[in-house]
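Dock chain B against chain A, hints included.
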Amino acid sequence: MTLYRLHHTTLYDYAAPVVLGTHYMHLLPRDRPGQTIREAQLDISPAPETRRDEIDHFGNPTTTVAITGAHKQFAVALSATVEVRQPPPPAPEDTLRWEAIAAKALLDPDVAEYCLPSDLTTPQNDIADYAAVSFLPGRKMLTGLLELNQRIFSDMTYRGGVTSNATTAAQTVVTRIGVCQDYAHFMLACLRALGLPGRYVSGYLRTLSPPGEARRRGADQSHAWVSSWLGPDAGWVDLDPTNNLLVADEHVTLAWGRDFRDVSPLRGIILGGGRHTLKVGVDLEAVLT
Amino acid sequence: MIDRHGRIRAPWSPIMAAIREIGPEELARRAGALNRQMGLAAPLGTVPRSFYDPLPVLLTSGEFAFLEAGIKQRAALLEAVLEDLYGTQSLLHNGSLPPALVLGEPHFLRPMHTRGRLTAPRMALYAADIIRGPDGDFSILRDHTGIVPGLGHALSLRRLASGTLPELFRAGGIRSLRPAREMLVDHVRRQAEGGLVAVLTGGATGPGAAVDLADDALLARALGVLLIEPGDLAARNGGLHMKTLNGLVSIATIIRGVSGIDLDPLEQGGRPGHGIPGAFGAIRAGVLTMLNAPGSALAAAPSLRRYIDSLFQPMRGEHPILPAAAENGAETASKAPFVTGANYTPVPICFRLFSWHDGETWQMLPGGLALPLRQPADHAGTQLPAPADFGLKDLWVMEAEEPRLTTGAPAAPEPPEHVTFLAAAHLPSRLADNLFWLGRSVERLEAASRLLMLALPRLESGTSLPRDIAERGLLTRCLAQARLLPAELAGTSVSGRLLRQTLTRRHPMAGLLKEAGRLVNASSERLSPSMLSTVRFALHQASEALGNEETALPSMLNFAATFAGIAAENMVRDGGWLFLEMGRRLERGETLAETLAILLDGPPERLEPGMALGIELADSVLSYDLRHAGILAPAPVFNMLLADAGNPRALAYQCTALRFCLERLGADDDAEAARLLQVETVNLAGTPGGLRPALSGVAGKLRMLSDRVHRRFFTLLPEAHTLDEDEVLEAAQ
Numbered sequence: 053m054t055l056y057r058l059h060h061t062t063l064y065d066y067a068a069p070v071v072l073g074t075h076y077m078h079l080l081p082r083d084r085p086g087q088t089i090r091e092a093q094l095d096i097s098p099a100p101e102t103r104r105d106e107i108d109h110f111g112n113p114t115t116t117v118a119i120t121g122a123h124k125q126f127a128v129a130l131s132a133t134v135e136v137r138q139p140p141p142p143a144p145e146d147t148l149r150w151e152a153i154a155a156k157a158l159l160d161p162d163v164a165e166y167c168l169p170s171d172l173t174t175p176q177n178d179i180a181d182y183a184a185v186s187f188l189p190g191r192k193m194l195t196g197l198l199e200l201n202q203r204i205f206s207d208m209t210y211r212g213g214v215t216s217n218a219t220t221a222a223q224t225v226v227t228r229i230g231v232c233q234d235y236a237h238f239m240l241a242c243l244r245a246l247g248l249p250g251r252y253v254s255g256y257l258r259t260l261s262p263p264g265e266a267r268r269r270g271a272d273q274s275h276a277w278v279s280s281w282l283g284p285d286a287g288w289v290d291l292d293p294t295n296n297l298l299v300a301d302e303h304v305t306l307a308w309g310r311d312f313r314d315v316s317p318l319r320g321i322i323l324g325g326g327r328h329t330l331k332v333g334v335d336l337e338a339v340l341t
Numbered sequence: 026m027i028d029r030h031g032r033i034r035a036p037w038s039p040i041m042a043a044i045r046e047i048g049p050e051e052l053a054r055r056a057g058a059l060n061r062q063m064g065l066a067a068p069l070g071t072v073p074r075s076f077y078d079p080l081p082v083l084l085t086s087g088e089f090a091f092l093e094a095g096i097k098q099r100a101a102l103l104e105a106v107l108e109d110l111y112g113t114q115s116l117l118h119n120g121s122l123p124p125a126l127v128l129g130e131p132h133f134l135r136p137m138h139t140r141g142r143l144t145a146p147r148m149a150l151y152a153a154d155i156i157r158g159p160d161g162d163f164s165i166l167r168d169h170t171g172i173v174p175g176l177g178h179a180l181s182l183r184r185l186a187s188g189t190l191p192e193l194f195r196a197g198g199i200r201s202l203r204p205a206r207e208m209l210v211d212h213v214r215r216q217a218e219g220g221l222v223a224v225l226t227g228g229a230t231g232p233g234a235a236v237d238l239a240d241d242a243l244l245a246r247a248l249g250v251l252l253i254e255p256g257d258l259a260a261r262n263g264g265l266h267m268k269t270l271n272g273l274v275s276i277a278t279i280i281r282g283v284s285g286i287d288l289d290p291l292e293q294g295g296r297p298g299h300g301i302p303g304a305f306g307a308i309r310a311g312v313l314t315m316l317n318a319p320g321s322a323l324a325a326a327p328s329l330r331r332y333i334d335s336l337f338q339p340m341r342g343e344h345p346i347l348p349a350a351a352e353n354g355a356e357t358a359s360k361a362p363f364v365t366g367a368n369y370t371p372v373p374i375c376f377r378l379f380s381w382h383d384g385e386t387w388q389m390l391p392g393g394l395a396l397p398l399r400q401p402a403d404h405a406g407t408q409l410p411a412p413a414d415f416g417l418k419d420l421w422v423m424e425a426e427e428p429r430l431t432t433g434a435p436a437a438p439e440p441p442e443h444v445t446f447l448a449a450a451h452l453p454s455r456l457a458d459n460l461f462w463l464g465r466s467v468e469r470l471e472a473a474s475r476l477l478m479l480a481l482p483r484l485e486s487g488t489s490l491p492r493d494i495a496e497r498g499l500l501t502r503c504l505a506q507a508r509l510l511p512a513e514l515a516g517t518s519v520s521g522r523l524l525r526q527t528l529t530r531r532h533p534m535a536g537l538l539k540e541a542g543r544l545v546n547a548s549s550e551r552l553s554p555s556m557l558s559t560v561r562f563a564l565h566q567a568s569e570a571l572g573n574e575e576t577a578l579p580s581m582l583n584f585a586a587t588f589a590g591i592a593a594e595n596m597v598r599d600g601g602w603l604f605l606e607m608g609r610r611l612e613r614g615e616t617l618a619e620t621l622a623i624l625l626d627g628p629p630e631r632l633e634p635g636m637a638l639g640i641e642l643a644d645s646v647l648s649y650d651l652r653h654a655g656i657l658a659p660a661p662v663f664n665m666l667l668a669d670a671g672n673p674r675a676l677a678y679q680c681t682a683l684r685f686c687l688e689r690l691g692a693d694d695d696a697e698a699a700r701l702l703q704v705e706t707v708n709l710a711g712t713p714g715g716l717r718p719a720l721s722g723v724a725g726k727l728r729m730l731s732d733r734v735h736r737r738f739f740t741l742l743p744e745a746h747t748l749d750e751d752e753v754l755e756a757a758q
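Same order as they appear, the protein sequences are chains A and B. Quick note on this note's numbering: the first sequence kicks off at 53 and runs consecutively. Quick note on this note's numbering: the second sequence kicks off at 26 and runs consecutively.
Hints were generated in silico from the structure; no laboratory data involved. Bear in mind the structure is a predicted one, so any value in this text is a computation, not a measurement.
Some chain A residues judged to face chain B by a derived CB distance under 10 Å, without partners named:
1) Asp-108
2) Ala-157
3) Leu-159
4) Asp-162
5) Ala-164
6) Leu-318
Computed footprint of chain A on chain B; a stretch qualifies when at least three of its residues, placed anywhere within it, have a C-beta under 8 Å from a C-beta of chain A:
7) 116-124
8) 250-264
9) 286-295
10) 303-311
Partial list, derived from the structure: chain B residues whose beta carbon lies under 10 Å from chain A:
11) Gly-129
12) Phe-133
13) Thr-139
14) Thr-747
All C-beta atoms, glycine included, are put in the ideal place defined by N, C-alpha and C.
Next comes chain A alone, as it looks inside the complex (with noise of 0.2 Å):
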């Protein structure tokens, strides 16, 4: 089990005062199995006029809020205590088929739509053909999905500001280069041009850099990785390509839809404004372990 004390700060910093501002957040993190959030909470300043906080479909929870009256700064902290105590996961070989996880996961309502493309994961030919060099016939899911996830780790170059948010896993197939969430999108694509299921999970990592080891790409800001599913009796099972890693304690987990789209952590709607800046600062720090 581990403790973490989190820290997520948003603040925009506006050239001209707004006069308006609408915005919808995915900035509270949820439970999940291995997952207790202790304490939570969203602080939002100028003060909202409106504040809804509400559970979308995936089971995230998400803040609407309006500002009217003039500002030229909108900041949003999030501080929470969360308890992470991921059971470890079965043996790979221990896991069933992936051709019967394909089955299972279609018929499921709770599974199905991860299965199915989304904008940013649609799979084309290539992909499909990239993702069953790992899903040979007859093979274990969870073997499928380490070595896949080796694979994304090996064959992409991480490199930050060549890509954006809409930028697709099609794409990422081609130029093999990216960050945490085209590594996401790309591994999410193969999953499902093979009718597997995988979530796309936003959430934070653990810094921790031990001695002689290199320090983790995407610690101390937001990461996001991979959730997959081994069928009705293990679940799901979370894979990081970014870092090559079976997800323990280390992530915690803020939000996760069908692909990045789904959990946008901040969108918003501004009347007037002008110019804006933007600083964000991610703190995570385990208190107990």
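Just chain B, lined up with the frame of chain A:
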């Protein structure tokens, strides 16, 4: 109309007799009249030429009773399906519907999937397309659970047809649509609890263009509610508001004519101008009701169609009264005769019947539409109706032959209270903007026509008398000022031939006429059908005359005069009229000041040609002659063109008219500016000459006033834009 034994179905007999009496030629003529009328009733001229067929389709009271039971049963089921799929999803968990099919359907809108129910049913309006097979059995061809198309047509067609083909209605015995329509209006208004009700349309153009704009507009008119576009709306404080001249007004209920997909850019992404940011949240919070809720089209998705019938038993414990039609059902559907020229063509049809939920139970419209199912040859294979080919028909429901039993039936509801219709304060800013520019554009057209009518004959007659030369110089400058000639010709003396060539090459008049036509369409919801028909007719005549030198300019003036007359005689001097009037007065004032600055430039002894042209341009020759025996002198001419409060073409008159409008709109500071301008013009009339700088100054001040009016009334809110997510990513990777 023909049963399987080849006999004419009984209720048709009196109709057929009436049709025979009218005769085919007359009937074709009446069909044309009906469609012309409908074209006028439906704003924006979006109705294809032969959109309506004058022959009705009949249902007996027994047939209707059967269909009514089937439709109410189906509506209740489809509503329950939607509540389930957007709620607990038990239909997916118990295997009644394949999860991947529902969750992969584009009309499954995840933002509308809620833990609890919405405050209003997700589907409160429903239409079913029904066919009658060769054995006389009815079946469901299609459901309409999202946008319910055709209700506007259905509510308007009867009214127009009864005027065009009174003979058909003489036999009587048709159930009236009016009580049902009033109940619907009453229900929608009561549900809105005093908030505004509106029909949301995608508008005529743009990315979210309306499926059937005429239908939306006719529906708004039939129900007596507002017609709005997404751009008219703003989300504030969690609710939805319409931008009006009086600020933001809360909207409680929207009858939705646009797709739910991409309706809310805040939650679905997409550009803010193409939807209503915050709409989904307002619906989930219960502060906004949509008929129907976004995502309700899911229940009519073709992929789910074959599963619907199997849900009646488990969900309602009943068998469907009306089963889904077989795949090829449309091919063998019963036929009805359509008027084609002087002949009739039998075409397979479907019946479209409408139903709504009044909070307690499903209600039926005792009527509807019949739609042709035949396809044009090049579209063979698809089964979508092709109304453009054969037209929509009115669907008549006959009264029961014996008086219907009323005992035990619920008492008829009280007639709805009279509700004040569309207060002037609720004029959407978009419409005020359009009317303002319409006023300007018609005035611009008139001024250009007057100037050309004055200039053409004078530039043709090429005498070299000094006075004629001076006149031609002045006219050339005026033409350049009005942008009817290139600016570089302003200092020269242009021949009539060159002017004609320039006009032919640059088509300035056609452009002005086109712009006026566009704005007439954009403003049409505030012009009554008779006004609209008169204005459109004059507009049409003017366009036809464009190529004809003799009649072009008189036709333009005729259009402008028709328009001015209608605005003066047929419009209430409030709301929309004020903006039309302001546009007109600002345009006339600016043009007048700029033209007179040219014509009245120079020392008094050389003013005569300019004064003569000015008097003629202002259409004031007769008045001047009567008052001053035709002797041109600066003082009386200045007085008539600048200061005369009784001359609608004097500069001061425009300022007075502007002041009146601005006062009515509560824009006191701008009204004061107009008053000062009026005083300034009156004072100018007393000066001996050399008016050019002063008049140019007045034109400039009018332009400033125009800008202020624009800022004050039309740009109520700055344009919305999305916060850039890419910047979030750069920090989040």
